[in-house]
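Residue numbers (this note's numbering), protein chains in the order written: chain A, 1 to 219; chain B, 1001 to 1125.
Treat each hint with caution, since some may be false.
Below, computed lysine to any residue pairings styled on SDA-like, alpha-carbon distance capped at 20 Å [said to hold, decoys possible]:
hint : chain 1 : residue 1 : chain 2 : residue 2
1    : A       : LYS175    : A       : ARG161
2    : A       : LYS175    : B       : CYS1061
3    : A       : LYS195    : B       : LEU1123
4    : A       : LYS195    : B       : ARG1098
5    : B       : LYS1031   : A       : LYS175
6    : A       : LYS195    : B       : ARG1100
7    : A       : LYS175    : B       : HIS1065
8    : B       : LYS1031   : A       : SER198
Read the hints as simulated data drawn from the structure, not as lab findings. Remember, predicted model here, so these are calculated numbers, not experimental data.
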Amino acid sequence: MNTIEGDSNLYRCYHCVHLNDAARNEWCLCTGGENTPVCRACGRCFCAAPKAWRLDFWRLATADAAARRRDHRNPAASPKAAAGLPDRPVILLIDDDPIVHAIAGRVLESSGLTGTLLHAHDGRTGLETAQRVVPELVLTDALLPLLDGRDLSRTLKGDPRTAHVPIVVMTALYKGVRYRLETLRNYHADRFLEKPVSAETLRTVVAEMLALRPAAVAS
Amino acid sequence: MNGTIDAAILNGTIDAAILESLRPLGDAFLKELFQTYSGYAREQLELLRGALAAADGTAFCRRLHALRGASLGVGAAGVASACRTAEDALAFPRSIPRRRQLEAIESELGRALAALAEISGGLRP
């Protein structure tokens, strides 16, 4: 099993086999899932991993990891986490490309982001997460499984609860002025970035979009 | 940089600008990133082979797009370019994928992974 190795918090992601440290990772906010660490390479939690894999993980988990799981599940121990309330500001990254998740996670971590980066890998999960959490910023790919990122943008902008959330659409497909204007006008995105998005551009755009919360990102 | 990497940059296999933009993120991170890319790219290649065998142009295009996006991210410009060429060829009208399109991608991916392995070998652990 690719779970915790020895007496440590190390485990291999069931999806991309990246070696993770459960004590350092973000934890997911999946509804209906058990709340699990999010892989730092591909951005996947393991709520959807095979049951045998999950059981094995928790059987071998250190006391620290088990306690952290309890914190997420027990309102008395950690009401905020158990209620699904992440530290603010929340940035929701929606992309099916593990490279984008890895780079964005590293860029935001090295920028001194004090909030939470949530990961989604398809449009439908991204939309549901955005509606539930109401993040401070959404970064989404345009072409996504299950729901197009531009349609997701239009849906969120049309909902009074999420209309104020800044949305950045990133794409390697819909390039050029026509698509840029269409994305901004018809789908109401706030920014349009062509991929590949450099680390510097990502850092700058996130800082700009969170400008109302200047303490969120170090200069 | 050594000769292999210089050659990979000169012949368009690797985008030096993307690579340079990633360097500030740290050697350890870059090593992990290249490993992740290697695994993901091989996975997409398998899916492309499956789509080709099934003559499924839609699935083939979807996988091309996924591989192109990841390749752009790590600076594997040659793979991204080969994927783009195949995407363009399939787009109008949507047609059956061709073996030679996949062969071009396999060839570029082999070069890219070799160059990234070289670069990775020169990074601090």
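Checked hints:
1. A:LYS175 x A:ARG161: 30 Å, violated
2. A:LYS175 x B:CYS1061: Satisfied, since the Cα-Cα distance of roughly 17 Å is no more than 20 Å.
3. A:LYS195 x B:LEU1123: 26 Å, violated
4. A:LYS195 x B:ARG1098: 26 Å, violated
5. B:LYS1031 x A:LYS175: Roughly 30 Å between the alpha carbons, so the hint for LYS1031 (chain B) and LYS175 (chain A) is violated.
6. A:LYS195 x B:ARG1100: 26 Å, violated
7. A:LYS175 x B:HIS1065: It holds: about 13 Å lies between the C-alpha atoms, which stays within 20 Å.
8. B:LYS1031 x A:SER198: 18 Å, holds
In terms of the numbered hints stated before, the structure departs from hints 1, 3, 4, 5 and 6, listed from lowest to highest.
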